[in-house]
Amino acid sequence: MLNNSVESEQKMSEFEKTLDENGPIIQAKGVEVYYGEKQALFGIDIDFQKHQVTSLIGPSGCGKSTFLRCINRMNDLVDIARVEGQVIIENQDIYSKDVDVVALRAHVGMVFQKPNPFPKSIYDNVAYGPRIHKTVTSKDEMDYVVEHSLKRAGLWDEVKDRLQEQGTGLSGGQQQRLCIARAIAIEPKVILMDEPCSALDPIATAVVEELIDELRERFTIIIVTHSMQQAARVSQKTAFFHLGNLVEHGDTDQIFTNPQDDRTENYITGRIG
Amino acid sequence: MTNPFSTEAAGLQGRHTSERLFKLSGLAAIIFAIGFLAVMVGSIAWTGSGALRESVIQLTVDLGPDNVDPSDVDGASYRTIVRDALKASFPDVKSRKDRRKLYGLLSPDAALELKQYVRDNPDAVGQVVNVWLLASDDADIYLKGGVDTSLEESQRKFSDAEVSWVDSLTESGQTKRQFNKRFFTNGDSREPELAGILSSLVGSALTLVICFLISFPMGVGAAIYLEEFAKKNRWSEFVEVNINNLAAVPSIVFGLLGLAIFLNFFGLPRSSPLVGGMVLALMTLPTIIIASRASLRAVPPSIREAALGIGASRIQTTFHHVTPLALPGMLTGAIVGMARALGETAPLLMIGMVAFIADVPKGFLDSATALPVQIFLWADAPQRGFLEKTSAAIIVLLLFLVLMNLLAVVLRRKFERRF
Chain A
1 MLNNSVESEQ
11 KMSEFEKTLD
21 ENGPIIQAKG
31 VEVYYGEKQA
41 LFGIDIDFQK
51 HQVTSLIGPS
61 GCGKSTFLRC
71 INRMNDLVDI
81 ARVEGQVIIE
91 NQDIYSKDVD
101 VVALRAHVGM
111 VFQKPNPFPK
121 SIYDNVAYGP
131 RIHKTVTSKD
141 EMDYVVEHSL
151 KRAGLWDEVK
161 DRLQEQGTGL
171 SGGQQQRLCI
181 ARAIAIEPKV
191 ILMDEPCSAL
201 DPIATAVVEE
211 LIDELRERFT
221 IIIVTHSMQQ
231 AARVSQKTAF
241 FHLGNLVEHG
251 DTDQIFTNPQ
261 DDRTENYITG
271 RIG
Chain B
1 MTNPFSTEAA
11 GLQGRHTSER
21 LFKLSGLAAI
31 IFAIGFLAVM
41 VGSIAWTGSG
51 ALRESVIQLT
61 VDLGPDNVDP
71 SDVDGASYRT
81 IVRDALKASF
91 PDVKSRKDRR
101 KLYGLLSPDA
111 ALELKQYVRD
121 NPDAVGQVVN
131 VWLLASDDAD
141 IYLKGGVDTS
151 LEESQRKFSD
161 AEVSWVDSLT
171 ESGQTKRQFN
181 KRFFTNGDSR
191 EPELAGILSS
201 LVGSALTLVI
211 CFLISFPMGV
221 GAAIYLEEFA
231 KKNRWSEFVE
241 VNINNLAAVP
251 SIVFGLLGLA
261 IFLNFFGLPR
271 SSPLVGGMVL
281 ALMTLPTIII
291 ASRASLRAVP
301 PSIREAALGI
311 GASRIQTTFH
321 HVTPLALPGM
331 LTGAIVGMAR
341 ALGETAPLLM
351 IGMVAFIADV
361 PKGFLDSATA
371 LPVQIFLWAD
381 APQRGFLEKT
391 SAAIIVLLLF
401 LVLMNLLAVV
411 LRRKFERRF
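These protein sequences, in sequence, are chains A and B.
Quick note on numbering: my numbering labels position 203 of the first sequence as 203, and the sequence is numbered without any gaps.
Quick note on numbering: my numbering labels position 292 of the second sequence as 292, and the sequence is numbered without any gaps.
To be clear, the hints were calculated from the coordinates, so they are not data collected in a lab.
Computed from a predicted structure; not experimentally measured.
One or more hints might be untrue.
To be verified - Some but not every residue of chain B turned toward chain A, in silico, with C-beta under 10 Å:
1) N233
2) R234
3) E237
4) V239
5) V241
6) N242
7) P300
8) P301
9) S302
10) I303
11) R304
12) G309
13) G311
14) A312
15) Q316
16) H320
The beta-carbon is built from N, C-alpha and C at its ideal position, and this holds for glycine as well.
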């Protein structure tokens with residue numbers, strides 16, 4: 001495992017150079033997911049660009065969350081789930097045999113629907129990732145990483161005086177930003193967000209949306225959302241899923257103003273979904 | 001104009017009656033149960049409270065140079081001194097048979113007590129002193145009012161002569177009752193007035209230590225493996241069903257298993273807390289596994305996702321996040337299991353922890369007995385003096401059980417986390 005993570009780190013640094021060109025950072029090729037006998041995704045082909053926010057939209061049960069979870073292999077946790085096809089991140093198929101999910105998830109962070117901070121202090125929440133990946137060794141460096149991550153998540157000013165308090169004691173919106181700080185503390189390439197604002201009120205949602213826009217400068221973000229307004233506000237690209245199929249994807253403006261497919265148009269105009 | 005919401009509406013009366021009846025029968029059942037509990041605990045406490053008092057008799061003993069050599073106080077025959085003192089108190093008792101009865105008023109341990117008194121008070125040597133000595137169980141029962149003197153003399157153990165001696169001692173203020181320290185500091189004894197629970201209490205404690213050390217890590221480990229790591233398939237379902245079945249196996253069967261495997265096959269020391277603890281651990285394991293799995297399942301999956309999502313391995317997720325959250329529940333389960341093990345008698349009988357053990361066990365390999373087994377032994381003993389000892393031991397056992405369950409409740413209250 002150790003070898004693996006060292007290797008993947010080397011690979012990552014190699015890719016770092018090639019990636020400054022604005023090529024696709026993630027490519028899905030013919031991704032199919034089965035839950036037991038039931039097929040949940042049908043041949044998904046899509047590219048995600050670097051430093052862009054891509055929204056995955058579609059009615060409930062359309063497979064957008066399932067697809068999101070293919071990108072950091074969270075579907076591995078479901079015993080009956082089976083994934084076929086390829087997901088290529090920086091030229092590496094993450095479903096090939098020599099990929100360790102632990103190393104993969106260090107590069108592909110995730111923020112969940114319900115804010116799920118650990119029942120530990122705010123400091124420990126953010127420090128946990130760097131600690132287990134041993135990317136930070138000294139106490140001073142850790143203090144810096146925690147402060148920096150909280151600042152980037154726009155939470156520093158609110159919590160800097162109470163870093164030792166429980167993360168679960170924060171408000172919902174603050175908890176979700178704490179989770180974002182926790183995800184970015186390990187400097188992933190990609191951040192996956194699974195309906196990050198569905199449990200938040202409109203004001204907290206606005207704060208998180210603004211944050212997503214800022215984070216785009218450093219990370220590639222893929223966000224699943226139920227709110228089409230949110231997709232229109234935060235994303236540059238949008239992909240529309242329907243019944244396990246990727247119906248249409250492209251620039252957000254184009255999807256919302258000039259959809260090519262009837263199903264997309266029906267969905268965004270509110271006739272289905 | 002009829003009121004549609006009237007209390008007289010059709011069928012309403014019957015519905016209310018059935019509700020009242022159900023409530024009433026529930027209330028009656030609860031009152032009945034509480035009444036029974038009160039009667040049981042009350043009668044045990046009433047009988048057992050006697051064991052906390054012991055009767056002592058004051059005698060004037062002669063520690064003069066004829067009896068005790070000041071240079072060798074340990075060498076004196078204190079038995080003779082005590083007997084002489086009794087003879088002196090009742091000079092008209094002449095026959096050999098009556099004298100033996102007279103000596104029987106005091107515990108066989110009275111001579112030892114006097115020796116201890118002389119050791120503690122070296123100044124008393126050479127003088128005539130009044131000392132309080134422990135009465136025998138029969139005299140004790142009489143003094144506590146346990147002998148019905150209206151019965152024919154042949155119908156009771158305590159004869160008229162003994163009654164008159166004790167009465168005359170009482171009249172002259174030479175009997176009293178005091179707190180029975182012995183009950184908590186002595187081991188078992190053939191003499192009820194000397195018997196105490198210390199040896200069985202220590203035996204129980206040592207057994208429970210072994211039981212906890214084996215069953216808690218094993219049970220928690222098994223629960224963590226089954227809940228967090230094992231694939232859910234037919235094989236793990238089979239294991240789960242069997243664990244649940246194991247929890248329902250009669251405890252004596254575990255005793256037989258311990259007898260066959262630990263004693264006969266591995267040749268571990270018979271009657272020892274080590275084997276007792278191992279057998280009880282077998283019995284407690286399913287309880288702990290079931291409770292631990294339940295508390296692991298109560299940890300929300302979002303915590304696991306959070307940890308896995310930032311690249312924690314499964315073992316890190318389990319031990320950094322899930323287990324700490326589940327630990328209070330696991331501990332509660334373990335304590336409840338331990339409480340059950342503490343009250344268990346049958347499996348210990350099978351592995352020989354039922355022997356008469358007067359000495360306090362000093363280690364896990366010494367012969368020992370356990371508190372519930374001690375209760376069983378005393379309840380079985382012919383002397384009447386053991387009656388109150390039995391009840392008192394039951395009170396001690398119940399006290400420990402209540403304390404353990406209370407601890408479990410407090411732990412749960414204190415560390416319970418709602419998500």
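The hints, checked one at a time:
With 10 Å as the threshold, the beta carbon of B/N233 comes within range of chain A, its nearest partner Cβ sitting at about 8 Å, so the hint holds. With a cut of 10 Å, the hint placing B/R234 at the interface with chain A is violated, because the nearest CB-to-CB distance is about 13 Å. Checking B/E237 against chain A by beta carbon gives a least distance of about 13 Å; that is not within 10 Å, so the hint is violated. Restraint check, B/V239 versus chain A: the minimum CB separation of about 16 Å is more than 10 Å; hint violated.
Against a cut-off of 10 Å between C-beta atoms, the interface hint on B/V241 is violated, since the closest Cβ of chain A lies about 19 Å away. Hint on B/N242 is violated. Least Cβ distance to chain A is approximately 21 Å, over the 10 Å limit. Residue-level restraint check for B/P300 holds (minimum Cβ-Cβ distance to chain A is 8 Å; threshold 10 Å). With a least beta-carbon distance of about 9 Å to chain A, the hint placing B/P301 at the interface is held under the 10 Å criterion.
Interface restraint check for B/S302: the shortest CB-CB distance to chain A comes to about 4 Å, inside 10 Å, so the restraint holds. Taking 10 Å as the C-beta contact cut-off toward chain A, the hint placing B/I303 at the interface holds, the least distance being around 6 Å. Because the closest C-beta pair between B/R304 and chain A is about 8 Å apart, less than 10 Å, the hint holds. The interface hint given for B/G309 holds, since its Cβ lies 4 Å from the closest Cβ of chain A, which is under the 10 Å cut-off.
A least Cβ separation of about 4 Å between B/G311 and chain A falls short of the 10 Å threshold, and the interface hint therefore holds. Restraint check, B/A312 versus chain A: the minimum CB separation of about 5 Å is within 10 Å; hint holds. The restraint placing B/Q316 at the interface with chain A holds, with a minimum CB-CB distance near 6 Å, inside the 10 Å limit. Interface restraint check: B/H320 against chain A, minimum CB-CB distance 8 Å, threshold 10 Å, status holds.
Taken one by one, the earlier hints fail for this structure at numbers 2, 3, 4, 5 and 6, listed in ascending order.
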